[in-house]
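Asker: These protein sequence lines are chains A and B, in that order. Heads up: the first sequence begins at 1 in this note's numbering, then just goes up one per residue. Heads up: the second sequence begins at 1 in this note's numbering, then just goes up one per residue.
The set of hints was computed from the structure by calculation and includes no laboratory data.
Listed below are the simulated DSS-like cross-link pairs for lysine-lysine, each with C-alpha atoms no more than 25 Å apart in a straight line:
1. B:37 to A:414
2. A:414 to B:11
3. B:113 to B:48
Predicted model, so just to flag it, every value in this text is computed and none were measured.
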Amino acid sequence: MGKKGVPEWLNSSLWSSSSASAAPCPVDRFPRSPPAPKPEAPTRAPIPEPPQPSRPPPAPVEAPRPSSGTPPEDPSPSRLAQEEVSRQSQLLAEISKKVVNIGELRRLSSQGIPDGAGIRSTIWKLLLGYLPNDHEFWVQELDRKRAQYKDFKEEFLVNPSEMARKLEESTGHKNGGMESGGCGFLMRSEITHDEHPLSLGKTSVWNQFFQDTETIEQIDRDVKRTHPDMHFFSGDTSLAKSNQEALRHILIIFAKLNPGIRYVQGMNEVLAPLFYVFRNDPDQNNAAYAEADAFFCFVELLSGFRDNFCQKLDNSVVGIRSTIAKLSELLKKHDGELWRHLEITTKVNPQFYAFRWITLLLTQEFNFADSLHIWDTLLSDPEGPQETLLRVCCAMLILVRRRLLAGDFTSNLKLLQNYPSTNISHLLYVANKLRGPSAG
Amino acid sequence: MSSRPPNLTFKLVLLGDGRVGKTSLVLRYVNNVFSEKQEATVQAFYLKKHLVIEGVPVTLSIWDTAGQERFHALGPIYYRDADAALLVYDITDNDSFLRVRKWVKELQQMASKDIVMAIAANKSDLVRSKKYDIQEAESYAATIGSKIFVTSAKSGTGVDEVFIDITTHNRYVLLYTTHCGRPHTLWRPVKASLEVYVSASCSQIKMFGRIFVLPKI
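Start from the sequences, fold in the hints, and give me the full structure.
Answerer: Here you go:
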């Protein structure tokens, strides 16, 4: 089933009606509960039933965390649904264990991490492998990484004349300079031919510096226009300025450590959610190290994604074209009618809309809070974010299938380039349906 | 024969270095808005604009592309069958003009031979006392048979002019013919000499586009 045409569950009145109307999310009528159009139960129902009755009750760990406060992370304060409360306490219990069961954590967080609990920061760090599973090593590991990041900053964020000066201080100049200091002449410092600013040598630090300058200018310009609608990132406040500075440092260091990719426009958008979540950790110490933590998690996240940013790989099996082709295949498999209408009849090349969906991990298609929810699911997948991402993208197409099937090139492209706001839980539910046995 | 000719659609692509103001130009032209903090474009964006030129209803399908070099390789699908290309650079940044030259070379090799080009020297609002130094750019434009327009997406200066100019440089001919015994009209791009069209069974022609010499019929 699902091989060709439309699988039965697609014809459920649930999304047919929702996609046909222009109302933002009429699916709210079915908050999170699966419509069960198919007799067989979904393999991963979004309602978390307490899965292991044998597990110790999570009650004791709940106490230290305020669960109803208003931490800065909560962008849409709404009363928590019953099941969210239960998932929240399960998540709290899981990350408070001496050794976190990462599989269980993935399972729970794939259904979304409640905004109000202030636990997203810790969970994302665990999901990205930045925090070890064993609590015992957390402090040690964080100290090590944060010290390493400090070294990176010292190494990469100073300009060559600063570097030359430091080099001087630490070497030759001391012996000569100090002893002859009394003669009244200022000492000339030795500059080797290679390290002169006008040197044409490829290895010159200055040559490298000028090349870097271009990258840094690009980073500067893009950092300033990251989420211009959010006070956290944009404006003249000291908060926004220091946050921009942190994004800037991370992107520069990443570019220098990855000369094959350097900086690609849009990386700022992928970095922003990580930094935002870490900087808003209720634990002040963690929040203070958000820059270092975000750097390593950004590297980790991109390691599975880097190839999409790499122009040289565009046409390879791992590059962006191939990733987009996989999305097209996925749609063809699950909804052949829609695929045909989009790509054959109305000639909407998936590259026209999915390029941004994929390279920026859906950060630009929904409001910021919704993007964080999608990321909970993306980061939870043990297969890595890409497979989940493609399913979510495919689900985005399916959710508006009625409108797409009725549309021409222009209206379809406009719809997909300006995706309407939608019920994210429902979107993730549909995406999850695309996994599993029916795909085989 | 209807008095109003059928709709004419052009595909226009904007090309140029990152941050020269391609998106801002398009948004000023299509929606008459401007934002200082326009986010970087990482994926070509599609917009439509309807206008009437010389009594002809024209639809512009505009592709606003991403500027950064990394996205360059994705360019061909946007310009391959384009009727026109608007090349944009930042009037205060010479390097961005070099990028225009690179794009022109690429278009000359890869795009349609008849592609219409114009160059927008954008961000003129940043130049004090309107002392533009565009001589080099002007002489370059002349060598490729196109024109320079000094524009400012911020103030709106020159924006309508460049889009209308580039549109009217597309040369089309409206053929009034009969098809299965019924009157039939259609626009055809003027590529070969006009005789080709005249020899078809048309009784009357209407021209679209600025520079055209009517051949003897």
